[in-house]
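Protein chains: 2
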Amino acid sequence: MSDPFDLASYRGQCRVVIDKLLPSIDGGAFPVKRVEGETFKVEAHIFADGHDTVVPVLQYRKKGAAQWSEIPFTELPNDEWEAAFTPSSIGFWEYRAFAWIGHFRFWFEAFGKKLKEGQKMSVELKIGSHLAAEAAERAAGVDAQRLAAISAELADESIDEAWRCTIAQSAELFELATRHPDRAKASVSPTMTLLVERERALFGSWYEFFPRSWGKTPGVHGTLREAIAHLDGVKEMGFSIVYLPPVSPIGVTFRKGRNNVLSAAPDDPGSPWAIGSSEGGHKSVNPALGTLEDFRAFVEKTNALGMEIALDIAFQCSPDHPYVREHPQWFNWRPDGSIQYAENPPKKYQDIVPFNFECDDWKNLWQELKSVFEFWYAQGVHIFRVDNPHTKSFEFWRWCLASFKEAHPDAIFLAEAFTRPKKMYRLAKGCFTQSYSYFAWRNGRDELREYVEELTKTEVAEFFWPNFWPNTPDILHEYLVTGRRNGSIARMVLAGTLSSNWGIYGPAFELCDCEQFPGKEEYNHNEKYEIKKWDWDKPGNLKKLIGRFNWIRNTNKALQRTRNVIFANTDNPSLIAYVKKTPDNSNIVIVVVNLDPQWPQSGWIELPLWQMGIGDSESFTVRDLFSQDQPDGKTESYVWTGRRNFVSLRPGNKQAHIFVVER
Amino acid sequence: MSDPFDLASYRGQCRVVIDKLLPSIDGGAFPVKRVEGETFKVEAHIFADGHDTVVPVLQYRKKGAAQWSEIPFTELPNDEWEAAFTPSSIGFWEYRAFAWIGHFRFWFEAFGKKLKEGQKMSVELKIGSHLAAEAAERAAGVDAQRLAAISAELADESIDEAWRCTIAQSAELFELATRHPDRAKASVSPTMTLLVERERALFGSWYEFFPRSWGKTPGVHGTLREAIAHLDGVKEMGFSIVYLPPVSPIGVTFRKGRNNVLSAAPDDPGSPWAIGSSEGGHKSVNPALGTLEDFRAFVEKTNALGMEIALDIAFQCSPDHPYVREHPQWFNWRPDGSIQYAENPPKKYQDIVPFNFECDDWKNLWQELKSVFEFWYAQGVHIFRVDNPHTKSFEFWRWCLASFKEAHPDAIFLAEAFTRPKKMYRLAKGCFTQSYSYFAWRNGRDELREYVEELTKTEVAEFFWPNFWPNTPDILHEYLVTGRRNGSIARMVLAGTLSSNWGIYGPAFELCDCEQFPGKEEYNHNEKYEIKKWDWDKPGNLKKLIGRFNWIRNTNKALQRTRNVIFANTDNPSLIAYVKKTPDNSNIVIVVVNLDPQWPQSGWIELPLWQMGIGDSESFTVRDLFSQDQPDGKTESYVWTGRRNFVSLRPGNKQAHIFVVER
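Chains as they are written, first to last, in my numbering: chain V, 1 to 663; chain L, 1 to 663.
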């Protein structure tokens, strides 16, 4: 933009003002996000002084393309304009508004009004002739010839004036002249960026597990080859993404023992997040899990089942990591010659060494870290779960993810950003595809609604896509501890219907493992530090129910988006209700969850029928896809009428309804 | 900001993120506005990765100054920071956030925690010694010497460790080291602009009149010398600004006659807005009004009375304007050799010729137009009312007003921007001090509240200062026509208490001239086209009441700001109520207006006592400064208790209360 004080910096003849272009994040500093196939609607505030005609177009192109595509903006009231396009491929796109004064259009319209009023038209015809001649100069070929001919006719006083007026108002002249407008004095907005992600970025069901607990012999460190056997069961539960903790070698120095004690026993496997040993670093496979070939076999089997691997990338080192020896300049060193471990004073984390992002060799550090993603991408991993990104430089992420996704637009990055909101959102702006969220700590009706509306109804929705997890290896919330099986069902339904991306840490989740470490919101005997023996067929497990739930998600488009949620009022605070629907109302899902895992709850819900294409006194059938209570194994249905309808949910029997509207 | 894809464009070692700096308009493209003496509070969203200490400062300077002043930000929850300063003079200021990682501070705090925990401190002391030595290198003189000495002490193992720990935690070391922080890797926000205006820009009472109607002989064109006699009466009504329509020569070609008819009678004076004739252009005085000396005398007399002149500047020409002859390149010409007049097809305005802001000679045009302001500024006019700015290039205004105010920061510009909201707001962003508003068309309680809240409680308040006018020579709203005297009183109170800037077109207003031109929202026998004979002492005139009203405004600080309005709920939609107060509650005004000019209205108002520093069950006295009903001429007062209080207002007797709270 021009320096307001400096005349020399102005393009003074450009009279059109492009005041705003929306959506855009921080004036275009960060990309807006959409998913493939979605229509991208742009709104602009555009006007000029006086009564002249403004002609604005939306220009867009794939980043790097030489030519802009162009579509006209449609005028809305109050100097607002809109235009929409559907990007034809995933990756980065650019868009901007471009607008000029349409002198020909203004003349053309004014001519019509004046003609109707019976004003003298001779001078108007001459002006039209000039305008057509100017357009002819900008045109070429046939267009130029026709414009020149019309220009001559309009000015030819030997031709009947009424006939010339007809030519002046002809569709042919309008078409030709507006096809070759004078853009020399056009205004242009800043260029904004749009990031188009693939479908899986917005719709995925994640299942996290530790392969080492799935060896042939329970309690003995398993290999990737052995854990392959677990994948069929994950597929049966309907998951689309298999998420693995880091698979790299684990450090020995200061290794943590079971339940996070400071000294490990000789056979303790260590935390997979303490990365690097004499056996290799971020680009190696822990020999206890197998080889790189084994890893690839695991990936291939996952893909063959129609699922994808998400790999955990944690940019931190154990003190034994080869980087420490090979690139000491990337770390902080203490005056006694020891390496600076992670700390949050007075707490010390001596098994973890952070990178020094302020080091002079930052460019090589950044490039090496990015090459870790490149390495695993080459092994078939196109989805990454990034550990603690908020403890690494924000600017590093911005560069790393933008440039990585420029080369590999199908890559998906989930930020484990359990941090304060502004940091969380900044990481999302800086091209993380998805982020963990505060979902685990939002359990009441009103706090759930408030949070989800912040994520879906504010500017945040343009760049932040949440992933809702009822549990993780780090988080076992009190609600699950006290709610046990019923609580787990409630949280599953909430996670996977409020957010189109959801995930669980299994099998702790489906087995309803609810034992907290005393005084902590964490699992006791945490799998991070030990090999677990899981009885996957334990009575009461949720495997079948999860399978049913993911099947509902996989077969209802309305549940494959997050922003499309509309909350419904309930008169009982233990009941939460909301509608999710496709834009064309062809799939409408109504979810009602009893948030109370102990007691039956009933009440009235008030549906936003006017947003669902249903009349206020209309009847419609709702079928509960989550129920299989009938003797024939079919689902229950009800006929509802109008906005207010009654529901009753009994824990143990039915914790939630997931209705689809049938009409 | 760096190109996200290009590593070379990054300052990669700068880890602090400055995500937002507020207030700021469109990312700093336009200035935020404040008035002299006001404290300017800045909020920033600043954070860094990890747990390190962030040290942000607010830097500010007068535009053009070489050095930044600097104050620390104070931390609020959730990565928000605030800082405030009071600009020492009017004009343009610059501000930005500047922030770095405070390694010394982090070490200092961590040292304290570790010491308390009984950890080993020997390495920590060495780190402290290094940090002090580094600070010594950045310091000079005594500071450098002391830091070097402390550095040596901390590392000197011959000194008792407990004593060295005491030194490490000493206030002296903290003071010295934080005075010389390492800013090499500091992040810096974009530079924002603040425009500080003089007090009169935000608080003024405008009186518009046509001097030519105030000659010695009623009905005969008066001169400026003659009209001087009118000024005492204006002063008595308590006005601070005397606003004159254009005083330049008026065109003859296509001059409009009485009531805007197309052909003028020989003695019709013409509209002052059809500027320019053989007698001169924008920098000349209409000889019928007098000379430039007469004009200066008029200005001097106005100033001597403690008022200021506002002059109307209309950037358009009559066809007779010298510019048309001298600078034909600034206009559009038609193929028949005639000049292009203004039109809004099919309407023609042949008495008015617009400038062509797209002309190739735009730089000279811009400079000439700016020189018109310079010319009148030199005659003592520091306040300008700008006619129809939205029909001239927005970019022209942006440059003209910014550069003019840079040279003359006391200049005030009122935009006559009766146009759509986005254009109105854009002009305000482009340095117009004030703007006319939609006030004339907001007459109901809820629409008044909604509009005023848009102007005072949204981002608009940062750059748009309204001026509320019950009438203008162009606008006579139906409310005044039907409401007559009582309606005029209601509109006066609303205008001058909702907005700290208000004005009237007199004497039409104080004489309650309510005769509309048939079918138009305009005065009949409009003074724009004829010399009027006014009987200024007509019975029922509002002169004394206006005087009282402006006295209340002039003596109550709470009414001298616009943004400080707080609406109070009323149970009767014909009653509007609001509170205006100084930040310290030393002056609290409660306004209640009966919006019905015909019928008595009464009801309950609910005061926001919690924002007024009054307890919910407290009693307080409200004195109605607008009443003089008592036999002794004193004002009425009431003792009120609590939030809900009853009011009753009878048109003809009392249209409004303007209470001041006495405690």
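Just so you know, these hints were derived from the structure itself, not from any lab.
Fair warning: there could be bad hints in the mix.
Copies of one chain are not kept apart here, so a pair can be met inside one copy or by any two copies together.
Computed list of lysine to aspartate or glutamate pairs in DMTMM-like fashion (alpha-carbon distance at most 20 angstroms, straight line) [stated by the list, open to error]:
1. LYS235 <-> GLU80
2. LYS63 <-> ASP3
3. LYS120 <-> ASP336
4. LYS235 <-> GLU300
5. LYS41 <-> ASP268
6. LYS532 <-> GLU279
7. LYS283 <-> GLU43
8. LYS113 <-> GLU343
9. LYS41 <-> GLU300
10. LYS20 <-> GLU161
11. LYS654 <-> ASP160
12. LYS113 <-> ASP182
13. LYS422 <-> GLU43
14. LYS301 <-> GLU137
15. LYS301 <-> GLU226
16. LYS185 <-> GLU70
17. LYS116 <-> ASP143
18. LYS348 <-> GLU117
19. LYS235 <-> GLU157
20. LYS422 <-> GLU80
21. LYS114 <-> ASP336
22. LYS348 <-> GLU36
Fair warning: this is a prediction, and the values are worked out from it, not measured in the lab.
Now the hints, each set against the structure:
1. Proximity of LYS235 to GLU80 under the C-alpha cut-off of 20 angstroms is found in neither arrangement, the shortest distances being 48 angstroms within a copy and 45 angstroms between copies.
2. For the identical chains of this complex, LYS63 and ASP3 are inter-copy neighbours only, at 13 angstroms across copies versus 28 angstroms inside a copy, given an alpha-carbon limit of 20 angstroms.
3. Taking identical chains as interchangeable, the C-alpha atoms of LYS120 and ASP336 lie at most 20 angstroms apart only when they sit on different chains, with a minimum of 13 angstroms there against 96 angstroms within one chain.
4. For the homomeric pair LYS235 and GLU300, the shortest alpha-carbon distance inside one copy (14 angstroms) is at most 20 angstroms, but the shortest distance between copies (90 angstroms) is not.
5. Taking the shortest Cα distances, LYS41 and ASP268 never come within 20 angstroms of each other, neither inside one copy (54 angstroms) nor across copies (56 angstroms).
6. For a Cα distance limit of 20 angstroms, the shortest separation of LYS532 from GLU279 qualifies neither inside one copy, at 24 angstroms, nor across copies, at 100 angstroms.
7. When the C-alpha separation of LYS283 and GLU43 is checked against a cutoff of 20 angstroms, the pair qualifies neither within a copy, at 45 angstroms, nor between copies, at 43 angstroms.
8. When the C-alpha separation of LYS113 and GLU343 is checked against a cutoff of 20 angstroms, the pair qualifies only between copies, where the shortest distance is 12 angstroms, while the shortest distance within a copy is 77 angstroms.
9. Proximity of LYS41 and GLU300 under a CA criterion of 20 angstroms is satisfied in neither setting, with 38 angstroms inside one chain copy and 58 angstroms between copies.
10. With identical chains, the CA atoms of LYS20 and GLU161 are never at most 20 angstroms apart, being 44 angstroms at best within one copy and 62 angstroms at best between copies.
11. Taking CA atoms no more than 20 angstroms apart as the test, LYS654 paired with ASP160 passes in neither setting, with 84 angstroms inside one copy and 71 angstroms between copies.
12. Taking CA atoms no more than 20 angstroms apart as the test, LYS113 paired with ASP182 passes in neither setting, with 23 angstroms inside one copy and 70 angstroms between copies.
13. For the homomeric pair LYS422 and GLU43, the shortest alpha-carbon distance between copies (14 angstroms) is at most 20 angstroms, but the shortest distance inside one copy (26 angstroms) is not.
14. When the C-alpha separation of LYS301 and GLU137 is checked against a cutoff of 20 angstroms, the pair qualifies neither within a copy, at 64 angstroms, nor between copies, at 60 angstroms.
15. Taking the shortest Cα distances, LYS301 and GLU226 sit within 20 angstroms of each other inside one copy (12 angstroms), while across copies they are farther apart (99 angstroms).
16. Taking CA atoms no more than 20 angstroms apart as the test, LYS185 paired with GLU70 passes inside one copy only; the shortest distance there is 18 angstroms, against 42 angstroms between copies.
17. Taking CA atoms no more than 20 angstroms apart as the test, LYS116 paired with ASP143 passes in neither setting, with 29 angstroms inside one copy and 85 angstroms between copies.
18. Proximity of LYS348 and GLU117 under a CA criterion of 20 angstroms is satisfied inter-copy only: 12 angstroms between copies versus 86 angstroms inside one chain copy.
19. For the homomeric pair LYS235 and GLU157, neither the shortest alpha-carbon distance inside one copy (81 angstroms) nor that between copies (64 angstroms) is at most 20 angstroms.
20. When the C-alpha separation of LYS422 and GLU80 is checked against a cutoff of 20 angstroms, the pair qualifies only between copies, where the shortest distance is 9 angstroms, while the shortest distance within a copy is 30 angstroms.
21. For the homomeric pair LYS114 and ASP336, the shortest alpha-carbon distance between copies (17 angstroms) is at most 20 angstroms, but the shortest distance inside one copy (90 angstroms) is not.
22. In this homomeric assembly, LYS348 and GLU36 never come within 20 angstroms of each other (Cα to Cα): the closest approach is 45 angstroms inside a single copy and 51 angstroms across copies.
Of the numbered hints given earlier, the model fails hints 1, 5, 6, 7, 9, 10, 11, 12, 14, 17, 19 and 22; all others are met.
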